[in-house]
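> In case you want the letters, here they are:
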Amino acid sequence: MEEIKEEYKEVKGKYDVIIIGAGLVGAVIARWLSKYELDILLIDKEPDVGTGTSKANTAIVHAGYDSPFGTLRGKLVVKGNRMFYPMCEELDVPYKMCGTYVVALTDEDMKTLERLMENGRKKGVPGLEIISGEEMRHREPLINPEVKGALYAPTGGISDPFALTVAAAENAVMNGVKLMLETKALDFVVEPFSLHKKRVRGVITNRGTFLADVTIASAGLYCDELMEKLGIKYDFYVRARKGEYYVFDKAKKDSVHTVLFPCPTPITKGILVTTTIFGNMILGPTAYELQDKEDTSVRPEGLKELREGAKRLVPSLEMTDVIRTFAGLRAGGYLHDFIIEAPAKYWGFINLAGIESPGMASSPAIAEYVVNLVREQGLELREKKNWNPIRKARPDFSELSPEEQARLIKKDPRYGRIVCRCETVTEGEIVAEIHAPVPARTYDALKRRTHLGMGRCQGSFDTPRVIEILSRELGIPPTQVIKERRGSNFLTRPTKEVPEGG
Amino acid sequence: MLEKRCDVAVIGSGPAGLAAAIAAKEAGAQDVVIIERDVELGGILLQCVHNGFGLEIFKEDLTGPEYAYRFIERAKEVGVEALVDTFVLDLTPLREIYAINKRDGMIKLDARAVVLAMGCRERPRGALAIPGFRPAGVYTAGTAQRLVNIEGYMPGERFVILGSGDIGMIMARRLTFEGAKVERMIEILPYVSGLRRNYVQCVLDYDIPLQLRHTVTFVKGHDRVEAVVSSEVDENWQPIPGTEETIPCDTLLLSVGLIPENELSKKAGVQLDPLTGGPYVDETMQTNVPGIFAAGNVVHVYDLVDWVTQAGYLAGRHAGEYAIQRRKESGRRLRVVAGDNVHHVVPHVFDPLSLEREPQELQFRVRHPVEAPVWIKVEADGKLVKQKKERYVRPSEMIMLKLSPEDYDKIAGARELSVRVEEKE
Amino acid sequence: MAVETTKLICITCPLGCELKVTHEGKRVLEVEGHQCKRGVEYAQQEISDPRRMIITTVRVKGGFHALVPVRSTEPVPKAKIFPILRKLREVELKAPVEMHQVVLANAEGTGIDVVTSRPLPAAN
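Protein chains in written order, with the numbering used here: chain A, 4 to 505; chain B, 222 to 646; chain C, 71 to 194.
Keep in mind that the hints were calculated from the coordinates and are not lab data. Being a predicted model, the structure only gives us computed values, none of them experimental. Hints should not be assumed to be uniformly reliable.
[Claimed, not checked] Derived DSS-like pairs: lysine-lysine, alpha-carbon spacing no greater than 25 Å straight-line:
| id | chain 1 | residue 1 | chain 2 | residue 2 |
| --- | --- | --- | --- | --- |
| 1 | A | 413 | B | 280 |
| 2 | B | 402 | C | 107 |
| 3 | A | 187 | A | 15 |
| 4 | B | 280 | B | 225 |
| 5 | B | 225 | B | 487 |
| 6 | B | 280 | A | 253 |
| 7 | A | 114 | A | 413 |
| 8 | C | 107 | B | 280 |
| 9 | C | 150 | B | 402 |
[As the list claims (entries may be wrong)] Every beta carbon over 10 Å from chain A, so not counted as near; a handful from chain C, in silico:
| id | residue |
| --- | --- |
| 10 | 73 |
| 11 | 75 |
| 12 | 114 |
| 13 | 127 |
| 14 | 175 |
| 15 | 181 |
We treat Cβ as the ideally placed atom computed from N, Cα and C, and that holds for glycine.
Could you put the whole structure together from the sequences, leaning on the hints where they help?
Shown next as structure tokens:
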């Protein structure tokens, strides 16, 4: 962790609640807490929300039959799944309750399906059904013809974790939450409280110290560093698990359009063959444990694993029309449960750790659970009279009818210039996101919000134009435009400013 | 919505599009519109600041911009209309173009003939699934060329170039000229894939190390490229373990293939050849969709722009001729209108020349019954062509009326044919 | 002076013949491997006085674009390439710029001009 300079210790503000980490879970928690009359500060160390696990996952809304009955995770996913789709409606986030399938290829697998079915039934997961191999072949013609059967979960689905993180953070900001980006929690302000407890009074960051009655840590991959500061240890905790993915062109013929899981192992749900909400077939994730939580590199071994794993579900899969590979890290533990608690040693501190799969589906239930923990920390929660749960997304040009497009261009001519040709994203949309309540100030932030650069040319066409727009709108020279984090500049210098000796 | 008609619409103003537009005009087409998504005409040639263009067609050694301007000037001379900063969103099989720009908003352009000249896009890193991190600093050579030559910014200082195609080699020289260092050029084939003249003038001249039978197997650097790993490959293009070499650099440039850009073609129902990635075309460069032609890199990737120009001329000439033919036909046809007490008439449009082949039949129904003798009168621009007596007319009974070759003289040249019922005194 | 053999690739046409040139310093004695006489001419030029076209861009103030592409009207001696490029980096033209406008006359004493290779209007 960084060295703590003297100026960081200056107290810059006092809040009721500080949330460390504006990933999907942190943002949804902020949105839920914004319902109450509380001064809330949401911080994140990066230039945008949702740059960790939130941006690199399979985007599945799990139905909940997998996580064991009796665990916190098992409880929250079922509740969360029920709350998830209405939440997406309120936040204007794309989703599809398309149902998910766990595919059995052997008799052993069929036993696993029955076990999952029983587990799900016990937990109250609605509509679970084991369908025959023939029925599975009917629903997904590309499935391995040897399929013996499948567990169908009608409440499973897919969504857009990028949009959800931004939308939840935006809704929180609309309802009074203060968002500070590029603000890194370096240490805590801790005071004596009682014989057995200390009190967490606030957070020391690179932008100063902020005090709060309750501090919530939802820092994803970095929760272990924060926990260490407070001497909190969990002995089974594994820091990072890497998941690699292949992404295919939307136009690829013979694409799978259903969500297909293989039978799960104790460690992982396995390599899915599925589709994103935008229409791209994807394969993934792998599950590779590692120590370096900055290592989001794609391994050739990982890609090989993906190809082999996917072929078991879809033997006819051709690896043509690949447009991209990527990897994400998730923070997890062998005990396979969520850690969401107020540690006994501290007053005023709530810790979230190990929120891996099914994090997204559970998120609204996690938020509700955290609200209760906040209440237990002694904060009075009075509901705001004018809390507005509805957040409207800005217009998506590619989804509008020609008449609506014409009207939009008339209103703002910048919608008349296409910047990303493959995904049909206009300058107007880009400018709107740069100036939105949770502003996009980097290329990747814009990419997550508008899908620019996600098409088959992968940014070859749009990059120079996006750099120009960001430079203009942010009032910075083009050489300072970055891709995601500090140091990811696109350009080094103007062409004619050659360093000495050139 | 701004609605326009034209004889020939050309999509793309690179060498193929410019040549096609000029040829269409020279073939006699009236309104020829060229649509360009960039802010000016010229296409990719404007960023190809190097020479080597026009050696065949002009017997001169021109730079890309000089070559482009020959055609831009000529297009202006012959009266081609240009819509720049305009992006085509959709093309239908009926040759309706939907495009947008800041000034006019949404434009619907009905073209009698279309020439597809959208060129191609570059194969990106993702398509090769190169493992490693995904930092800033990975560019396709064309994007880097645009940044260096048009926007005026360097994408990096120390480059590794993957691919020894022409664009990669040209950029190797260009970057060297602008004070950057090209550390290595890496090629998976056992030979240089671009033109030999470029190899001499861009790689050998500047002592840029070239590795054949190698490829990039890993990209290092979390936020910005820090190095790439290069490995030797076997006959199956698979990396040979143990041959890895880490090359420090800050930019990876990819020159690994061009793909014809046919998203619009697909929307119009144009059939593509999976081998080329471009449309199936005949000797006139017409695709399977009548009136839609294609020329240049959008059909298949060329190595000399001079031949792109030839293809553009060919497609443009035929597109022009096609449009002229269509114009003649539609000019010749009459509208058939329902007159007094006639509910509707089929056919709705009528080409008098069809009477040369055989008699033609008009079919219609009346609105109201008349249980008394009536005249059915067929008139061309109000002048009687023929009339027929009916003892009664009822909506339930369709009436047929034949026009014969003798009627041609009365009909030809008229704009409208009408059928009406006149009650006899 | 010693007799040497130098291998060259002819760049006059796309064929790219591999030439074997026997020469004494800058004096060519024999050329092998060519398929037309342009190959011999190329070998003689390349051995005695190798030349290349200068191709680059120069800055434009107030232009529609920040840079305008330029070229030498003829190939210049190889040794002069980088000195000329360095000089060109210091040039800043004022928009509007004409096609074939002279940017650097008699570049580095070669007697060859560097000119623009496109017109560039002023920014609107």
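> State for each hint whether it applies.
Now for the hints, and whether the structure bears them out:
Annotation: proposed proximity of residue 413(A) to residue 280(B) is violated, straight-line Cα distance about 48 Å (limit 25 Å). A C-alpha spacing of about 37 Å is found between residue 402(B) and residue 107(C), which places the hinted pair above 25 Å, so the restraint is violated. Simply put, residue 187(A) and residue 15(A) have alpha-carbon atoms about 14 Å apart, close enough for the 25 Å limit, and the pair holds. Distance check on the hinted pair: residue 280(B) and residue 225(B) sit about 39 Å apart at the alpha-carbon level, beyond 25 Å; violated.
Taking the CA atoms of residue 225(B) and residue 487(B), the gap is near 23 Å; set against the 25 Å cutoff, the hint holds. For the given pair, residue 280(B) sits about 45 Å from residue 253(A) by alpha-carbon distance, which is inconsistent with the 25 Å threshold. For the hint pairing residue 114(A) with residue 413(A), the CA-to-CA distance comes to about 61 Å; that exceeds 25 Å, so the pair is violated. Restraint check for residue 107(C) and residue 280(B): satisfied, since their Cα atoms lie roughly 18 Å apart, inside the 25 Å limit.
For the hint linking residue 150(C) to residue 402(B), the alpha-carbon distance of about 19 Å falls within 25 Å, and the restraint holds. The beta carbon of residue 73(C) is kept farther than 10 Å from every beta carbon of chain A, the shortest such distance being approximately 37 Å. The claim that residue 75(C) is not at the interface with chain A holds, since no C-beta of that chain comes within 10 Å of its own (minimum 35 Å). Even its closest Cβ contact with chain A, about 33 Å, leaves residue 114(C) beyond 10 Å, as expected for a residue assigned away from the interface.
At the 10 Å boundary, the C-beta of residue 127(C) falls inside the reach of chain A, the nearest C-beta of that chain being 7 Å off. Consistency note on residue 175(C): stated as away from chain A, and its beta-carbon is indeed over 10 Å from all of that chain's, at 20 Å minimum. Distance to chain A confirms residue 181(C) as a non-interface residue, since its nearest Cβ pair spans about 25 Å, more than 10 Å.
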